[in-house]
Every structure is written in C-alpha cells, then in structure tokens.
Amino acid sequence: MSIIDKTAAVPAPRGGDHTGPLLEVRDLHVEFHTRDGVAKAVNGVNYSVNAGETLAVLGESGSGKSVTAQAIMGILDMPPGKIPQGEILFRGEDMLKMSEEERRKIRGRKIAMIFQDALSSLNPVLTVGYQLGEMFRVHHGMSKKDAKVKAIELMDKVKIPAAKARVSDYPHQFSGGMRQRIMIAMALALEPDLIIADEPTTALDVTVQAQVMDLLAELQQEYNMGLILITHDLGVVADVADKIAVMYAGRIVEQAPVHELYKRPAHPYTRGLLDSIPRLDQKGQELYAIKGLPPNLLKVPTGCAFNPRCPKADDLCRTEIPALVPVTEQNGADLPGRKSACHFWKETIHG
Amino acid sequence: MGRYVARRLLQMIPVFLGTTLLIFLMVHSLPGDPVLAMFGDKGADPATLAAKRHELGLDKPTWQQYLFYMRDMLLHLDFGTQIRNGLPVTDVLGDAFPITLQLATLAFAIELIFGIGLGVIGGLRAGRLADNLILIFTLLIISIPVFVLGFIIKMVFAFNLGWIDPNVSTQPEWGELIAPAIVLGFLSLAYVARLTRTSMAENLRADYMRTAVAKGLPRRRVIGVHLMRNSMIPVITFLGTDIGALMGGAIVTESIFNIKGVGGVIAESISRREGATLVGLVTILVIVYLVTSLLIDLLYAVLDPRIRYA
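Chains as they are written, first to last, in my numbering: chain A, 5 to 355; chain B, 9 to 318.
Hint data in this document are derived by calculation from the structure and do not stem from the laboratory. Fair warning: this is a prediction, and the values are worked out from it, not measured in the lab. For every residue, glycine included, the Cβ atom is placed at its ideal position computed from N, Cα and C. Incorrect hints may have been included.
[Claimed, not checked] From the structure, some residues in chain B lie toward chain A, with a derived Cβ separation under 10 Å:
#: 1; residue: A214
#: 2; residue: D215
#: 3; residue: I241
With the sequences and hints as input, model every part of the structure.
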C-alpha cells in the first residue's frame with residue numbers, strides 16, 4: 005500500500021493534497037512553569053520528517069528530545085507545560101491550533117508513539133489483547149471479537165510466538181523484548197503515517213535491542229511510515245536513521261545525513277559524543293568523556309549553552325547564541341541537509 | 009487457585025478455634041453471675057441457684073464447658089441457648105441479623121457511592137479547590153467520634169427539626185435507617201474517599217496513562233477503564249474488610265438509635281453476662297468475617313492479575 009492510498013482511506017485532512025514533508029516542526033518552544041522558575045525545555049526546534057524517512061533525534065537526558073516528541077503527540081502535561089510559540093505541521097496543518105477532539109483523532113491513528121519502558125507503559129491490569137484491540141474498537145468501532153482477531157494478527161506481525169495463545173496474557177507475563185514488540189504492535193495497529201519511538205530499546209539488553217530495531221525498520225519500510233527515533237544511543241542510530249538531529253539544552257545544535265555526521269561532525273558536542281563511544285582499537289586507553297554536567301534548564305548558560313563544557317569555547321561563545329546555519333565544504337560547495345549551531349563550525353568540520 | 013482456597017479454608021480452623029476460646033475465656037473472666045442475675049434483686053436460695061447452675065452446666069470447670077460447647081456446636085450446629093429466656097442463640101441472631109444487614113447495606117451503599125464519588129472528584133483535581141475541600145471535610149469526619157456524630161444528627165434532625173423519629177421501630181423501613189446508616193457509614197466514607205483520591209492522583213501520573221492518551225482514546229475511556237481499574241484495587245480491599253465489620257453490627261450506632269440489631273444484642277449480652285449468647289454470636293460473626301475476607305482476597309486476584317495464588 006502506498007502512502008497515497010492511505011491518505012485517501014482516512015478522513016481527508018483539510019490540507020488535502022499536501023506535498024511538503026509529512027511532519028514539520030517550526031520554531032517550537034516548550035517551557036515548564038515550576039515553583040523554582042521557568043524551565044525552558046525546548047527553545048526553537050525545527051525539524052521535518054518525510055514519509056518513509058527516519059529522523060534520529062539524539063541528545064542526553066534533559067536535552068528536550070522527549071519533550072519535543074510529547075509536544076508533537078499532544079501528551080505534554082499542561083500545566084505545568086506550556087507551548088509559548090511554534091508550529092507543528094502535520095500534512096501542512098498546524099496541530100497546535102486544532103481542537104482537542106481533532107488531535108485525539110490523529111493520535112494513534114495518524115501519529116503513534118512507542119515508549120521507552122514497555123512494562124510501565126502498558127496497563128498492568130488489562131490483557132495485551134484488550135490493549136491492542138482497543139485501538140480498533142475506539143478508532144474503527146470494531147466489535148470486541150473482531151478486535152481480538154486483529155490483535156492476534158498484529159502480534160503475529162511483530163513476531164510474537166504463539167500469538168493466539170498469548171493474546172489473553174497480561175503484560176507482566178511477557179519478557180522485556182516481547183513487551184516492546186507489543187508496544188510496537190500497538191503503535192502500528194492503525195498503520196499510522198508517522199511513528200515516534202522514544203528510546204524504544206533503552207530498557208532492553210543488547211541482543212534484543214538489535215532484533216527490535218530490525219523489526220521496527222522492517223515494518224517502517226513495509227508501511228512507508230515516517231519515523232522519529234529518539235535516542236541517546238549512537239550505535240542504534242547508525243544502522244536505521246536517514247538523518248540525525250543532535251539536541252542540546254532544548255536546541256538543535258547539529259543536523260546532518262547520518263553517515264556524514266559520523267564522518268565529520270560539525271559541532272564540538274557531536275564530536276564529544278562520537279569520541280566517547282568505546283572503540284576496540286583504543287583498548288587500554290582512557291575513554292573520552294565530555295566534561296561537566298548537562299545544563300540546568302532553569303539557568304541555561306548565556307551564549308552557546310554548551311560553552312562551559314566546550315574545549316573550543318571563547319568569549320564569543322559566552323555572549324552570543326550561535327544560529328543553526330548551513331554547513332559548506334571548504335571551497336564553499338553545498339553540503340545538503342547539513343547545519344550546525346557553532347560559531348566555529350568551520351574549524352570543527354574541516355579540522 | 010483451588011489449592012489456595014483449600015489452604016485458606018484450612019487456615020480458618022485455628023483462627024476459629026482461637027477466637028472462640030478467647031471469647032469464651034474473656035466472658036468467663038467477667039465479674040458477675042448470669043444465674044444470680046436471672047433472679048434479680050430478690051435473690052434465691054443457694055440450692056435453687058446450684059440446681060440452675062448444674063442444669064446449665066455452669067458448675068463444671070471452664071475448660072470442660074468450652075469442650076462441651078464446641079462439641080455441641082460442631083456436632084449439632086448448636087450455638088447455645090440464651091440463659092435468660094432459653095431461646096437458641098441462632099434464633100436470637102436470626103431476629104437481629106436482618107436488621108443489621110439492612111443497616112449495613114445502606115451504610116455500605118452510602119460509603120461506596122459518596123466515598124468513591126468524592127474520591128474521584130478529588131483525585132482528578134488533585135491540589136485544586138475541590139480537592140482541598142474534600143480533604144478538609146474527610147479529615148473533619150475522621151476526627152469526630154461516632155457517638156458525637158450520632159448524637160449531633162439525632163439532636164438536629166430528630167429533636168430540633170423533627171425530620172426523623174429519634175428511635176427506629178422494631179421492623180424498620182429503609183427510610184428510617186438512613187440517618188443511622190449515615191452515622192455508621194461516615195467514617196468509612198471518609199477513608200474510602202481519601203484512599204480513592206490518593207490512588208487516582210498517583211495512577212494519573214503513571215506511564216500507562218500517557219500511553220492510553222497517546223493511543224487516542226477518549227478521556228472518558230482513559231479515566232473510566234485505564235485509571236479506574238488500577239485505582240480501585242486498594243479501595244476494594246478496604247471496602248471488603250469493611251463489609252465484614254459492618255456485618256458485626258454497630259454497638260454505638262444501634263444503641264443511639266435504639267435499633268434491635270446484632271450490635272444491640274451483643275451489648276445486651278455483655279451487660280447480662282450471657283456468656284453462651286455472646287460466644288455464639290461472636291462465633292457466627294467470626295465465620296462471616298473470615299468468609300468475606302476470603303472472597304475479597306479472591307476478588308483481588310480478579311482485579312490485579314499480577315497477584316498469583318500458589
């Protein structure tokens with residue numbers, strides 16, 4: 005089934021024959037009003053995903069990658085959360101301007117989300133069959149019986165052995181990998197256009213991680229879905245992503261096609277991340293680590309938020325926030341899709 | 009599951025024996041003499057008293073009395089007779105129990121509906137005005153002793169306003185029992201409301217709630233199915249034990265409103281030193297309590313599949 009068939013089958017979005025990216029986030033800001041002050045979790049994020057494309061959003065805890073995803077999904081806790089400005093365009097339509105009911109209809113049906121910890125993200129007192137079938141019952145008005153048949157089909161699809169026998173089991177009766185497959189099945193249920201996977205493999209052990217990522221990539225291809233993969237694991241990203249956005253303190257600091265980023269990072273933070281991957285050929289040497297701690301979002305450093313930890317920082321970095329600018333070759337030739345938010349990106353990328 | 013039920017039923021035996029023995033010993037250590045009490049102030053000659061004691065088996069040592077009592081109970085389902093008028097304890101209880109049941113049902117319904125209702129309102133609006141009002145209200149109820157509340161309600165509604173009769177008739181209508189049921193159920197209502205509120209407020213922040221919203225479920229369903237199923241588990245446990253307690257009658261409430269229920273009979277038996285009646289009553293109530301608590305434990309597994317009985 006192509007993406008065009010799919011748009012026709014569902015209630016047509018008002019922007020009908022939209023040709024731009026599937027999802028576009030424009031200048032998104034999210035802040036949390038807490039007792040200690042306003043925490044600026046996301047400060048002007050821009051990114052876009054096309055159908056069939058995988059965008060990996062990389063960053064450490066508190067960099068705003070999950071909050072951005074939750075804002076897209078519309079599952080931010082508001083209050084304390086607040087979106088003071090920005091646009092989230094899904095097929096050209098700003099979701100932030102939609103009514104709650106319109107957004108609800110998009111959730112699960114058009115945009116689905118996979119969460120990090122499948123055990124706590126699945127309802128402990130309902131069978132997995134019920135939780136899977138619920139998607140069909142609520143969105144398609146299916147009967148309980150038909151929904152169960154569909155649930156078994158889905159469980160087969162994500163390669164859960166003996167799906168028929170296990171459909172009435174509860175989440176705690178499954179292993180971690182199987183639970184994450186159920187999460188994936190639930191997200192896939194209505195064949196959404198976009199899936200947001202928030203650290204889908206973080207809670208799993210390494211062998212299972214690879215299986216789950218493969219499954220996700222395979223299904224993504226089959227349905228030609230857009231995928232936003234949120235992670236802090238550079239190893240996971242390399243195999244599946246098409247492009248990467250690196251986030252730091254609520255901003256995107258670097259954007260690039262996946263392999264280019266690994267080859268030539270254009271931001272000191274990305275470089276630091278890449279250098280801190282353990283390597284076999286450097287066995288016995290001390291592992292590199294980025295010095296310092298992630299910034300306190302209540303008190304983000306002036307200028308470039310990374311400056312206190314940056315080996316290349318100078319006075320300019322402490323006073324002026326660097327814009328996310330296109331990166332070029334040394335001779336000025338275009339590097340499509342590459343951007344960096346560093347005053348010294350030239351020195352960083354070209355050595 | 010079957011094995012678990014069997015084990016629980018077996019566990020009831022020592023509990024049953026222990027409680028009956030304790031009650032028996034306690035009643036027998038009370039000062040006073042039921043036979044002497046039968047004759048009132050006039051007294052009687054020692055020979056008559058001794059004959060009466062012999063007839064009732066009260067001249068034997070306590071342990072022997074206990075054994076005879078247990079033998080009659082287990083072999084003939086004979087829970088003893090009331091010394092005062094010779095009625096079997098089962099008949100006395102049979103008269104009193106329906107009224108207690110009626111009162112307990114009403115009290116339970118009140119605490120169920122209003123307790124959970126207030127709890128849900130508070131839980132969904134945790135930290136806001138409605139929640140704070142409910143917390144203050146329930147705290148107030150918890151801190152007022154039952155007899156104070158009972159007398160206040162009786163004073164205001166029966167004597168000052170004249171809306172209700174101060175005493176409930178011997179065959180009470182449901183309407184007559186509303187005021188006593190409120191007095192009886194109010195304390196538990198407060199606990200149920202607080203328990204529901206905390207449980208809801210806590211589960212509202214759970215990851216699976218976020219998932220339910222992300223699935224695009226309507227709010228009704230998110231709250232009604234996903235939140236309620238999880239939040240009701242501790243509440244049901246509390247309500248279960250409370251059923252057992254309500255069945256045991258309410259000595260204070262029943263005596264304030266002059267209701268002839270189990271609580272009244274127990275109070276009367278204590279003041280008359282009616283050992284056999286008391287032991288018989290309490291034994292039956294212990295059985296009721298044990299059975300309800302077993303049922304609740306089984307219901308618990310239905311509500312929370314993570315609980316496994318082995």
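* **Supplied contact hint for B/D215, tested at 10 Å Cβ to chain A** => 4 Å, holds
* **Interface hint outcome for B/A214 [beta carbon to chain A under 10 Å]** => Status holds, d = 7 Å.
* Report holds or violated for the interface hint on B/I241, using the least CB-CB distance to chain A and a cut-off of 10 Å. => 8 Å, holds
The earlier numbered hints are all upheld by this structure, with none contradicted.
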